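Novice: Given the coordinates of chain A, work out where chain B should sit on it, guided by the hints.
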Amino acid sequence: MQIHAKNALVDLKDVIKYIAGNRLAKACNVAVDADSEMRIECVFKHQETASDHQFLVDREGSSIKVKSFRKKGVDYTTGDSLSAVLAELDKCDDATVASKLGVPPPSVKTAAEIDSLVFKRASLFIGGRYLKLQRNISQTPFIVDGKRMTELSVSEVIGEPIKDLVLCDSYNLVGSGREDADVRMLGDGRPFYIECINPRKTNVSQDLIAQVEGRLTEKDSPVQCRMLQIIKPEDTRIIKEGEENKTKHYCALVWFATPLSTETLDEINRIGSSEIVLQQNTPIRVLHRRSPLVRPRKLLRLEVAPIEGHFYKVRIESEAGTYIKEFVHGDLGRTSPSLSSLAGGVVADILELDVENVSLDFPPKI
Amino acid sequence: MAISDKNAVSITYDPEQYSYLDAWVSKPDMYLGRYFTQRLYCGPVSTKRKHEEATEGDSSSESESAIERPKEWQYVYMAPNKLCVIGVAHGHPLLDAALRKDAGNITKIEFSDSIKKSVIKGKGKKQALRLMPETKICTIYTDANKEYTLRAAVKGLLMEWNPKIEQDPQLVYRNPEQAFLIIVNPLTDDDSKIFSECVSASHTD
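Protein chains in written order, with the working numbering: chain A, 1 to 366; chain B, 1001 to 1205.
The set of hints was computed from the structure by calculation and includes no laboratory data. Quick caveat, the model's predicted, so the values are computed rather than measured. It cannot be assumed that every hint is accurate.
[As the list claims (entries may be wrong)] Below 16 angstroms or equal to it, Euclidean Cα-Cα: the simulated EDC-like pairs (lysine to aspartate or glutamate) are:
| hint | chain 1 | residue 1 | chain 2 | residue 2 |
| --- | --- | --- | --- | --- |
| 1 | A | Lys201 | A | Glu160 |
| 2 | A | Lys232 | A | Glu195 |
| 3 | A | Lys313 | B | Asp1014 |
| 4 | B | Lys1108 | B | Asp1168 |
| 5 | A | Lys298 | A | Glu244 |
| 6 | A | Lys313 | B | Asp1168 |
[Said to hold, decoys possible] Negatives, chain A to chain B, calculated, CB over 12 angstroms:
| hint | residue |
| --- | --- |
| 7 | Asn22 |
| 8 | Arg39 |
| 9 | Lys91 |
| 10 | Pro104 |
| 11 | Val108 |
| 12 | Ser170 |
| 13 | Glu218 |
| 14 | Glu234 |
| 15 | Val277 |
Quick reminder that beta carbons are idealized off the backbone N, C-alpha and C, glycines included.
Same shape as in the complex, but just chain A (with noise of 0.2 angstroms):
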């Protein structure tokens, strides 16, 4: 006799789903709608055989890798997913299968219990773009050791007025690529889509959302939105496909510990007003985080305007996914050419950074 989970021949999940279903929508008068709006989630549990995956974990030279951690409290178990329980039992001989499990498994004594029945409402997507007119405001609430960073987000500044409209449990804002807290977003804003989790109000009208959008720009709020309207999900793709692929405009604000000749400046400008690739190592201030890699990336356009002695305004259009300040500074000779290499190794440091213009065509036209 063969067990073979790949070639299951019924997900237990669809059974359940199907009968389950059935039987709630005959009780309830409704019809079952698997693009419908309303979703129950149901968890149920088995005490009896919870363990019956055990001796695939315990075996030796197991693929599935437990761990157990603490978060927030609350202790978590992670790593016997059914996937990871399914790929080793695939792994695992019949014989074994056959002596742990029994063939055929003995019968239950006890019925499966109902451990969670949650009712969802689909998440509404709101899209729009968002202006960030003053520093010192994350695009979502950065939180270190429970302590605040920064006194406002973006999220919170979008997200709370609409959270008051729709009614639901919590809302993400997701950006088309993210600026750093002390830079701001300037020009027609940065796309971006809020997903209001659980709704229960989902037919807002258009008028209403324009108000949000309306009482921002009235009391010159730090942050403002442009565009604000209901998106379907499927819309939601173009956000993310724009952060890798759209270049965008900086102007910034920098210093360098000797002015510039008019001949070096001549040369930087010259030299700025045709391609330019970068070698960027992973800046230091993200190598915790990020692999280290050396980028290639764009600079397609470099302008450096004097303003007053050994500050200058420089405007750069760039590739997604360059690093500016560091290409100002060239993070201690990591990011070559910069721009401080570029004035001859004058120390130039970069002190205000504006994003000027994210070019992606989002939101839809209403």
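Specialist: Then chain B, alone, in the frame of chain A:
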């Protein structure tokens, strides 16, 4: 095909609020203070001289010359994410104005075998080279027949070493800022543990 001018005029900056930068003009490296917490490390002095190798064994004369030897300062720059950049400090005999002549000019810089062979993949965790503050990381040779041993200065994992400085040892004089040796991940958030072997940057001023 200049960058679109739609937004060009609207962004203005006010240099007036940066008048404190006047202090930077005479010491341009001060900008590093914005990005790093700066400390100094002084390792055990290099006791080997090339031509003295054969005669070592007389411990009393060795400790006498160790006392005379000037301190070999290295800088430790810690980024907000706790990663530490290690390099040769201005107070080191190789760079110090008063001591340079004696030290000689750098002819060669060579990283230790363990560093060169180390595996730095992904986020540098399990396989990376473990370092202690006194671990020797590289040797600098000069034309005055001197050898200086540089140390890790900080306990942790090796994240990166700087091959540019082996290929171009003169970088240490030309561009000391780019002449860092290694970057270490101390694996702790506790500054006092990270800087356990270091002193504050004003020590040698």
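Novice: A separate judgement is required for each hint: does it hold in the structure or not?
Specialist: A quick look at each hint next to the structure:
For the suggested pair A/Lys201 and A/Glu160, the alpha carbons sit about 15 angstroms apart, so the restraint of at most 16 angstroms is met. For a cut-off of 16 angstroms, the pair hint linking A/Lys232 to A/Glu195 stands: about 11 angstroms separates their Cα positions. Restraint check for A/Lys313 and B/Asp1014: satisfied, since their Cα atoms lie roughly 11 angstroms apart, inside the 16 angstroms limit. Restraint check for B/Lys1108 and B/Asp1168: satisfied, since their Cα atoms lie roughly 9 angstroms apart, inside the 16 angstroms limit.
Proposed proximity of A/Lys298 and A/Glu244 is supported: the alpha carbons are some 13 angstroms apart, at most 16 angstroms. Between the alpha carbons of A/Lys313 and B/Asp1168 the distance comes to roughly 33 angstroms, so the proposed pair goes past 16 angstroms and is violated. The Cβ of A/Asn22 lies farther than 12 angstroms from every Cβ of chain B, with a closest approach of about 49 angstroms, so its non-interface assignment holds. The beta carbon of A/Arg39 is kept farther than 12 angstroms from every beta carbon of chain B, the shortest such distance being approximately 36 angstroms.
At the 12 angstroms boundary, the C-beta of A/Lys91 stays outside the reach of chain B, the nearest C-beta of that chain being 25 angstroms off. With a cut of 12 angstroms on Cβ distances, A/Pro104 stays outside the contact zone with chain B, its closest approach being about 43 angstroms. With a least beta-carbon separation of about 43 angstroms from chain B, A/Val108 lies farther than 12 angstroms from that chain, consistent with its non-interface assignment. Once the 12 angstroms rule is applied to beta carbons, A/Ser170 is consistent with being away from chain B; the minimum gap is 28 angstroms.
With a cut of 12 angstroms on Cβ distances, A/Glu218 stays outside the contact zone with chain B, its closest approach being about 20 angstroms. Residue-level check passed: A/Glu234 sits 30 angstroms from the nearest beta carbon of chain B, beyond 12 angstroms. A cut-off of 12 angstroms between C-beta atoms confirms that A/Val277 is not in contact with chain B; the least separation is 18 angstroms.
When the structure is compared with the earlier hints, a violation turns up for hint 6 alone.
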